[in-house]
Amino acid sequence: DAGITQSPRHKVTETGTPVTLRCHQTENHRYMYWYRQDPGHGLRLIHYSYGVKDTDKGEVSDGYSVSRSKTEDFLLTLESATSSQTSVYFCAISESTWAATYEQYFGPGTRLTVT
Amino acid sequence: KQEVTQIPAALSVPEGENLVLNCSFTDSAIYNLQWFRQDPGKGLTSLLLIQSSQREQTSGRLNASLDKSSGRSTLYIAASQPGDSATYLCAVRSGAGSYQLTFGKGTKLSVIP
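Which chain is which? The protein sequence lines are A and B, in order.
Start counting at 1 in the first sequence, then tack on 26, and there's your number in my numbering.
Start counting at 1 in the second sequence, then tack on 3, and there's your number in my numbering.
Honestly, I wouldn't trust all of these hints.
To be verified - Using 30 Å as the maximum straight-line C-alpha spacing, the simulated DSBU-like pairs for lysine-lysine come out as follows: (1) A:Lys-37 to B:Lys-108; (2) B:Lys-111 to A:Lys-37; (3) B:Lys-4 to A:Lys-83; (4) A:Lys-83 to B:Lys-108; (5) A:Lys-37 to A:Lys-83; (6) A:Lys-79 to B:Lys-71; (7) A:Lys-96 to B:Lys-45; (8) B:Lys-45 to A:Lys-83; (9) B:Lys-111 to B:Lys-45; (10) B:Lys-111 to A:Lys-79.
The hints are simulated quantities; they were obtained by calculation from the structure and are not laboratory data.
Only a predicted model underlies this, so the values are computations on that prediction, with no experimental measurement involved.
Only chain A is shown next, with the shape it has when bound in the complex (with noise of 0.2 Å):
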């Protein structure tokens, strides 16, 4: 298994309130990627970065934001939380290889509940 941790596991905060969420990768991996997995839309990318300090928006970024300081470290971060950001949260990891392969490998979510 790739070497993923995401923390916490299981989060539940009041409207309102900010939340960061942390992504840790051992395999020095370039590209991080945070998505959200919600019935009925599948999963969906929120952001995603190409390196240190260099990220972008994915389909769903709106109410998010993240920084990467580290190559190690992805954090995501609800500025304040709303009901519809209630979703299990999941960091993936990828790297170019002489193959190009960009295979994503992901770590095993949040469960985020804003009440």
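Here the structure of chain A is known, so what remains is to put chain B in place on it, guided by the hints.
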């Protein structure tokens, strides 16, 4: 906009049966396609990745095929086992300059002993 469809949404088979899971995508200009397995309450496990130039990939009892021109991929599971019960997800990466994977909603497989 790329859309990925997986049919059926759920499938139940007796142990030992060979089975095929289907994935279709609307834009054939893909960079690669990846099959994942997800167990309840768990993360995704990568099963197979097929580059756009490849026709198939094999890993143990799993074989994935890709027909880009028709926008289809299949995942063949031979001699199914109860431990194969999980949700199987298909995802495509559209283009070398795109980092986004577009996922289907999955097929939930139950293998009955």
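>> Taking the earlier hints as the rules, which of them does this structure contradict?
In response: 6, 10
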